[in-house]
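Protein chains: 2
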Amino acid sequence: MATTTAKQPLLESFKQLLIGPRLHTADAPHQTIGKAIGLAVFASDALSSTAYATDEIIIVLFMAGTGALAFSLPVAIGIITLLAIVTISYEQTIHAYPNGGGAYIVARDNLGEAPAQTAGAALLTDYILTVAVSISSGVAQITSAFPELYPWRVWIALGIILFMTLVNLRGVKESGMTFSIPTYFFLIVTLFTIGFGFFRYFTGTLGAVTGVEVMKYETTQALSLFLILRAFSSGCTALTGVEAISNGITAFKEPSSRNAGITLIWMSTILSVMFFGMTFLARHTGASASETETIFSQIARTLYGLDHPMYLILLGATTLILIMAANTAYADFPRLGALQAGDGFLPKQLTYRGSRLVFTYGIVTLAGFASLLIIVFGARTTALIPLYAIGVFLSFTISQTGMAVRWWKSSKLKPGEEIQQLGSMLRYDPRWRIKLVINSFGAAATFVVMIVFAVTKFAHGAWIVVLLIPALVFVFYRIHHHYKDLAADLSLDSYGAPARIRRHRVIVPVSGVHRGTMRALHYARSVSDDVTAVHVAIDPNDEQRIQNKWQKWGDGVRLQVVQSPYRLLHEPLLEYIRCIAAQRQTSEVLTVVVPEFVPARAWHNLLHMQTAFLLRLGLLGLKDVVITEIPYHVGEDR
Amino acid sequence: MATTTAKQPLLESFKQLLIGPRLHTADAPHQTIGKAIGLAVFASDALSSTAYATDEIIIVLFMAGTGALAFSLPVAIGIITLLAIVTISYEQTIHAYPNGGGAYIVARDNLGEAPAQTAGAALLTDYILTVAVSISSGVAQITSAFPELYPWRVWIALGIILFMTLVNLRGVKESGMTFSIPTYFFLIVTLFTIGFGFFRYFTGTLGAVTGVEVMKYETTQALSLFLILRAFSSGCTALTGVEAISNGITAFKEPSSRNAGITLIWMSTILSVMFFGMTFLARHTGASASETETIFSQIARTLYGLDHPMYLILLGATTLILIMAANTAYADFPRLGALQAGDGFLPKQLTYRGSRLVFTYGIVTLAGFASLLIIVFGARTTALIPLYAIGVFLSFTISQTGMAVRWWKSSKLKPGEEIQQLGSMLRYDPRWRIKLVINSFGAAATFVVMIVFAVTKFAHGAWIVVLLIPALVFVFYRIHHHYKDLAADLSLDSYGAPARIRRHRVIVPVSGVHRGTMRALHYARSVSDDVTAVHVAIDPNDEQRIQNKWQKWGDGVRLQVVQSPYRLLHEPLLEYIRCIAAQRQTSEVLTVVVPEFVPARAWHNLLHMQTAFLLRLGLLGLKDVVITEIPYHVGEDR
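Quick note, the sequences are listed as chains Y and W, same order. For what it's worth, our numbering labels the leading residue of the first sequence as 3, then goes sequentially. For what it's worth, our numbering labels the leading residue of the second sequence as 3, then goes sequentially.
No lab work stands behind these hints: they were computed from the structure.
Treat identical chains as interchangeable: a pair holds within one or across any two.
Listed below are the simulated DSS-like cross-link pairs for lysine-lysine, each with C-alpha atoms no more than 25 Å apart in a straight line:
id, residue 1, residue 2
1, K551, K486
2, K551, K350
3, K350, K17
4, K437, K416
Whole structure, please, built from the sequences with the hints as guidance.
Right under this line is the structure:
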């Protein structure tokens, strides 16, 4: 009988080397940031989507041939209009929820549990996709510049995820230079490129893209409304990340709602400019769909030439912002996970802040699922896109609906009256009519877009998400059920004083008569006078030998020998204990004292039958049987 | 706090479906067999090697071009001579060891522990290679006939291993039809083919092999003595399995040694005829080295034509005998493993007979390592051959040396005097001189061959075995050391009566105040009056809340709150217990009572921090701390 040895100081040292020394709970940061840094912190997800949104529009339209690419600009303008609607809607949320108004909180306050859990499922799914898509696209920028790295893209992507996971387990301060440098660097380089492109366009020197390894489709398609709507859906990934600011309002300097709102509008404006600009340049340079080269790369080398440093600078800046975008999911996913876990819909572990004050379990879960997606989809952005953004638009819809309901409820209140909700304070708002109209319109628009998504991208992978979100909600409710049951079970509300223990039987399984057994026996006798030793005899000739030895050493304790004709070890023992447990009365306690070898070295465990382990596992299945382990440290007395 | 639920009746049912119902210890078989069936049972390993031995000679010689193939017959004759020497040597062993005289037993009796363990390591290694080589060669016969299966050869090989493992876990009766049919079928078909081939040769109608996809070498070689010796080494795989009968003498009818000896000579004679015959036909049909077609297949289709049923019959019979050969390793490996484990040089589990009376652990270990070899070497026989047969020849050498020493020792005895050894009875033998000469010559010959192996095949993979065998012997001694220490540790030889327990301290970790805690507390107080409850406070504000609740429910028991500023759970608890354990006196016992949730469903474990599990692991590392688990079955009262 044996089990594993404990203590892992080496492991702990290695962990601290990777993620840094433990942080004190009192060290939790409380600093706030201004608008300029706020933009850097929260905008990377939204802005970075310009690096692939245009590509995805062109890849869909190109199925109907080069002529269909004329629709890329109208589609982009449609998406920018939608962005304006969503921005105005969210601006209202930010003012109504100064403590943070993510879709989950808004839905929980105004619509109830089920819509909140749906929003949660949608967002968690999408955060995972944000990591997978952003990293895949970032790697695509790298392999556009260095095509020889293309076969290694999955490994590169997984390496980046591993690195980001470590960085986030160390804990990232959501402020300062770390975010500002890459975001503003990307912003300046991209806006300069767009400006330079427009200058060339208006001076008639824009040039045309050449030498692209054009994408090969399995089937070509006729240009149809369906195809244009599908291009629109794919391009709508540009809107992902717009909600980020509404989650992080408390991070802003006072007046935080006002500052956050202004930052949101700035972000949307910049995003619109960049997205329109890049789509415009793609259209007029004649950029094409390609599996191996991104649109950014095609435009940049047409404008600057492949050898010009600006080519690598733009692609480098884009890669960097994409990695930063993935990083925002590393903040959002664990935060939302902890929120849902706190409400009892996800495993409680997600609320646990690790040694570096971050939500360790959430970070690791996110990294695990994102890596899985990268592997399954071969780090191909285009393959992941059909799954993406449905979740975000579902959460947009739920959130805007929640806001609309909120304005309606607020209209029923008297001025000055206040109702405390979980996530906010509900007050009468004199301008509720216009606000209700704006949020309702936002909800309707995002709902329609979501349906368009689900329909146009269904066969290409969207069905996975359409099935996954309800499945997740189901699982959340199962988890909730378990926690509620547990709480009811453990409640002391109707707890009476326990019955007095009248009899305490102790059973000591003995594999042989030796020091380990003697120690267990000694302990057992100190706890109760009612001790039985049990031996399982595999060899029928064994019984007499052990009886004789017991005569000498057993100190008068009763020895029961159980025959095991089928050479089983823990099973007959369990059966014997089960029998005795079944016979006892309510005031009787049954303890099994298991002598357990603890070898000095872990590999020694391989040299022993793990009977004690299996016995313990079996005993845990019996009701009201107490298990006492007497560890015997082999070789430590010498 | 939680742990896994127990009971696996479904798993047990599935296991019984696969390997059959449990067998009673009294059902162990005791029947014996005659010479004809004995040949079938023990010869498959030796005879089957003709299916690849010729191939391996030709593959090596062919490196020096077609002309070098002229040396194939002389090499084969050399190998047959060696076979005769080994056979005569082993015939003597059989008579000296009527209870079974494998190399391990002979070495243990006559040479001591270290040579015995070396022989054991060599043989275990080679049994694993027997499975890998035989199955790979069997699959090569299949893919020779059905080239479209070639890409699937690793999967086919693994499938066969899985099937054989299940069959052997069910338990094979080593007798009767199961062995006789394939062995005699192969014997008849092969001897007929050889006879037919010689008939065609002498009538001048033998024909020549055409259309072989000839093997491509990375480098060609000049014909040299070294190359011929290497061909000889590779061909010596034909001798593997000759020792099988000496392990299984007790299976024969009385007079068992005589019957076994005659069977051995028969087996070697048949093997010589088949090996010579096939090499002769290969030479005269001009068969070539090929990666995708075996020599058997080349000869058979030249003799019969590809469409003739005899072609498939020969290849089928060969595949079958190769699988039977692998099967003998499934008998030998677990038996030797159990023998070494019984002597304390391998994990004791190997002596354990499972529910079907077979050595379960040995079978599974063999299957695991053989599968690994198949995967690593891509089920390519030629790649495995350099590793093969070194172990067998090392064991030959050790065994014959042991026999020589034995005759020398026996010469010192008076006639009629007897010494009981572990594996046999040592007596004076009047013919000791000639027997000493024969075994010494056998030892010398096999030793020289082994050195030739190691040198000529070193760079091609033999180095793995040359390093592996000493490494294994080292591990065997480490294991032996552990068991000896353990026995000394547990011995009751100088055991005095234990000190009377003066104080019994009980510590109850409480995560919160609930029914699970109450039950643990109730039990703790029934065991001792000296109870302390300990709570780890992660949230600094938590302390007051739990103190208040404890006031109401704690029933006067002392509550110690341990602050955990780094949000660790089991670590501060362990530290606290370690402190208390360090302060106590010798007559003091310390028990930690751990309340442990047992969820109704296994997946619920995912919803809890595994604190109880980690705490228990940590506590097992502390000396003389008793761990008591109070299982709390969640949801079973409702």
